[in-house]
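Asks: Here is how the chains run, residue by residue.
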Amino acid sequence: MFRFIARRLLQTIPVLLVIITATFFMVRFVPGGPFTSEKALPPEILRNIEAHYGLDQPLWRQYVNYLGQVARGDLGPSFKYTNRSVNEIIGQTLPVSLELGGWALLVALAVGLPLGVLAAVRRNSWLDYACSVIGMIGICVPVYVGGPLFALLFGVYLQWVNVSGWYEGIDRVLPALTLGLAYAAYIMRMTRGGMLEVLGQDYIRTARAKGASEARIVLRHALRGGLLPVVAFLGPAVAGILTGSFVIETVFQIPGLGRQFVISAFSRDYTLILGTVILYATLIVVCNLIVDIAQVWLNPKLKFE
Amino acid sequence: MSASRHATGFFAALRMTDFGRRALLCFLGFYMAISSGCSKRAASAAPAEKILRISQRNEPATLDPQLATLPDEFFIIRALGEGLLVPNPDGGAPLPGAAERYEVSPDGLIYTFHLRANAKWSNGDPVTTYDFQASYFEALLPMRAAPKASLFFPIKNAKAFYEGKLSSIIEVGIATPDKHTLVITLEEPNADFLSIVASGSWIPRHRDNVGCQQIGPENATTRLSNGPFILIDWKPNQHISVRKSPHYWDAANVKLDGIRFLAMDNGDTEERAFRAGQLDVTMAVPFTKLAGYRAEQPSPLRSVPLSETRYIALNTTRPPLDDARVRRALALALDRQTLVEKVVLTGQPAFNFVPAGLGDFTPTARLAEDTDEARRLLAAAGFPGGRGFPRLELATWVNSPVLEAVQQRWRRELGIEVALAQREARTHLAALAGGDYAMAFMTAIPDYDSAADLLTQLTTGNPGNYPHWHDAGFDRLVAASDWPAADKLLIEAMPLIPLYFNAQNFLVAPRVKNWRADRLWTRFYRGVSVE
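Chain order of the listed sequences is A and B.
Every number in the numbering used here is 2 more than the matching position in the first sequence, counting from 1.
Every number in the numbering used here is 2 more than the matching position in the second sequence, counting from 1.
If you're looking for bench data, these hints aren't it; they were derived computationally from the structure.
Note that this is a predicted model, so its numbers are computed, not measured.
Just so it is clear, CB atoms sit at the ideal spot from N, CA and C, and this is done for glycine as well.
Keep in mind that the hints are not guaranteed to be accurate.
[Stated by the list, open to error] Quick list of in silico lysine-lysine cross-link-like pairs, DSS-like style, CA-CA up to 25 Å: (1) 52(B) - 291(B); (2) 41(A) - 257(B); (3) 52(B) - 161(B); (4) 490(B) - 257(B); (5) 122(B) - 344(B); (6) 490(B) - 41(A).
[Said to hold, decoys possible] One-sided and incomplete, this derived list gives chain B residues near chain A with beta-carbon spacing under 7 Å: (7) 64; (8) 94; (9) 98; (10) 269; (11) 271; (12) 429.
[Stated by the list, open to error] The following residues of chain B were derived to be distant from chain A, with all beta-carbon distances above 10 Å: (13) 95; (14) 97; (15) 275; (16) 464.
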């Protein structure tokens with residue numbers, strides 16, 4: 003298993019290199035630059051600013067310099083925020099996105115898993131249909147509709163919570179619910195599907211024949227296999243949920259990484275775009291690795307090869 | 003299936019299993035987080051201090067007056083600092099700020115500013131001319147990469163020094179005979195100089211902050227200020243808090259204990275926060291809610307006219323737009339009054355380019371809308387009834403119903419068809435700068451209170467000359483500072499089609515008194531109070 007993990011981590015290096023290279027050149031070929039403004043800068047001033055940030059050097063040279071920097075763990079200065087480094091910005095925004103993602107994931111799992119299991123166990127009952135309807139609503143209603151609706155209801159009309167901001171504990175509720183319920187719907191559908199498949203298997207019938215209680219059959223025998231599709235889905239989903247949701251962070255004005263990433267693309271903050279992409283790529287690779295390990299653990303047919 | 007029959011047993015088992023216990027613990031944790039939050043919310047409901055809560059649109063890239071570029075950044079910088087002169091809330095000549103008076107030499111070249119003896123920095127240090135000199139010198143250092151360095155170029159030798167033609171900064175015309183007297187020598191007489199001095203880029207920094215590590219969120223409290231407020235907290239993308247400065251010379255007239263600039267990057271989020279009572283002043287009003295707020299009594303809606311011209315730039319290097327008759331035809335065929343009343347719902351129709359009242363500008367010519375004349379001009383240019391007119395693209399960076407109205411009007415009145423295209427903002431700007439467009443929606447916002455700032459951009463070869471238009475006569479008028487004639491020439495040659503002068507619509511809570519803002523995005527915090 004350690005050989006498996008070590009090999010997978012080594013594979014990460016070329017993957018990251020390809021991603022960095024592709025992103026580096028792609029952002030440079032996008033029209034407009036970090037110093038494009040609606041009031042065009044006089045050429046002598048633009049030249050000066052570009053020299054200040056090393057943008058006057060040949061592109062290959064900038065690329066080599068950047069790789070060297072990244073290898074030392076320095077993601078460079080932000081082009082937009084003149085007094086801040088990319089490391090600082092990520093250091094400030096990532097924990098916020100992680101916290102939001104953590105709560106949302108908790109909501110997603112706490113709602114999605116039990117409902118999915120229930121729907122499968124009581125297939126074709128009113129409970130199953132109700133879960134299906136709720137699931138479809140959760141999947142179909144985008145978060146930019148659900149979020150403002152929650153904010154209007156609980157923030158403006160009922161005044162239970164703030165409609166936006168990220169100051170007090172209660173400010174976590176609406177964003178976590180909005181983001182979590184959207185994922186809960188997917189998790190519920192997948193759990194139900196996985197469970198139904200497993201519940202029809204021979205070994206479940208065997209367990210039942212041996213007189214195992216229904217709870218034992220569901221929780222001990224079926225759930226492990228039934229969760230396989232959910233776990234596969236969770237890999238990229240967790241990476242996405244943890245690095246922040248642009249929409250949720252915008253609707254609720256949360257100082258997270260997701261919004262920072264999109265803003266950096268709009269403002270052509272080259273280093274911040276690259277830094278976020280590197281982080282995101284690393285996180286996806288790690289999450290996928292964890293998923294692979296979890297799948298081997300859940301499914302005895304798989305081996306670490 | 004047998005499974006459903008045992009569902010009650012399943013519920014019972016859930017509580018006993020490890021999974022069930024963990025799930026319960028998670029829920030408990032979540033519930034506790036929620037309930038603890040609730041009690042805090044109740045405690046913070048009644049602020050004892052007079053804190054004004056203003057919405058802040060863009061996270062400031064910097065709070066350094068010489069590096070800042072956006073009005074959003076100057077909203078905060080103006081609360082913290084005060085230049086030699088300050089804009090006049092009623093329009094007209096700038097008012098004394100850190101300088102209590104100034105003299106101009108008869109040849110208009112030498113400006114002598116006398117600082118207030120009681121002006122102090124937030125640490126109690128007296129405000130001296132050395133602070134001003136150090137700040138302005140630093141703005142001119144090429145390595146400092148100040149985007150608005152050109153606002154210092156009217157000073158003698160400043161441009162030459164910036165471009166490296168002069169090695170010694172001592173030769174730049176900023177002298178300090180003593181700590182209260184600042185003498186600025188100009189390259190040539192400049193009628194707009196006082197407006198430039200009142201612009202945000204001329205706000206000083208304490209000499210201890212100059213040349214040091216820049217002020218950012220991490221070291222926010224080390225920033226010294228000579229204005230009505232002190233920076234006390236900077237949480238990126240959350241809020242920036244300032245507190246009243248006891249050392250400000252006019253502290254007696256500052257009615258607020260502090261201001262919280264709350265980050266609100268989305269107009270709808272902002273409006274919800276205002277309705278929920280989290281905000282006192284917004285940046286804007288969602289377009290769809292404008293009519294609703296206007297109808298409310300008493301209405302929290304405020305509208306401040308801006309010196310901002312919204313126009314359509316025409317690429318004068320591309321046929322058929324290289325023909326002035328075509329450009330005029332397009333401009334004359336519009337109905338701006340209806341456009342403003344029915345579509346934009348705010349602002350004033352623009353019958354010329356430079357807004358009246360910018361500096362002391364008064365337009366002498368007015369575009370006479372005339373669809374018959376437009377059709378005649380188009381026919382004369384070879385497109386009778388719009389026949390043979392190519393399908394041009396009208397590009398924009400914002401989704402605005404204005405362009406659809408223009409498109410429809412041209413189709414109906416001139417028989418020509420344009421395609422609308424919305425692009426991301428910087429892609430749009432890059433296309434304008436590179437001349438890679440046909441027609442483009444654009445905005446012109448002056449840096450300081452003068453027609454010069456807008457008109458100079460349209461001179462030959464200027465990077466802001468988005469129509470890529472050359473007219474030697476226009477260049478001569480601008481060189482001679484004959485703004486009314488230059489503005490008139492624009493209406494004749496029509497390298498761009500003025501549409502409307504914009505206005506800022508925003509919401510102000512009833513508890514806020516004496517909120518004032520001017521046409522150049524300046525806010526006057528000094529007299530503002532909250533109940």
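Asks: Could you run down the list of hints and mark each one as holding or not?
Replies: Status of each hint after checking the structure:
no.: 1; hint: 52(B) - 291(B); result: violated (29 Å)
no.: 2; hint: 41(A) - 257(B); result: violated (36 Å)
no.: 3; hint: 52(B) - 161(B); result: violated (45 Å)
no.: 4; hint: 490(B) - 257(B); result: violated (45 Å)
no.: 5; hint: 122(B) - 344(B); result: violated (51 Å)
no.: 6; hint: 490(B) - 41(A); result: holds (22 Å)
no.: 7; hint: 64; result: holds (5 Å)
no.: 8; hint: 94; result: violated (24 Å)
no.: 9; hint: 98; result: violated (28 Å)
no.: 10; hint: 269; result: violated (11 Å)
no.: 11; hint: 271; result: holds (5 Å)
no.: 12; hint: 429; result: holds (5 Å)
no.: 13; hint: 95; result: holds (24 Å)
no.: 14; hint: 97; result: holds (26 Å)
no.: 15; hint: 275; result: violated (5 Å)
no.: 16; hint: 464; result: violated (8 Å)
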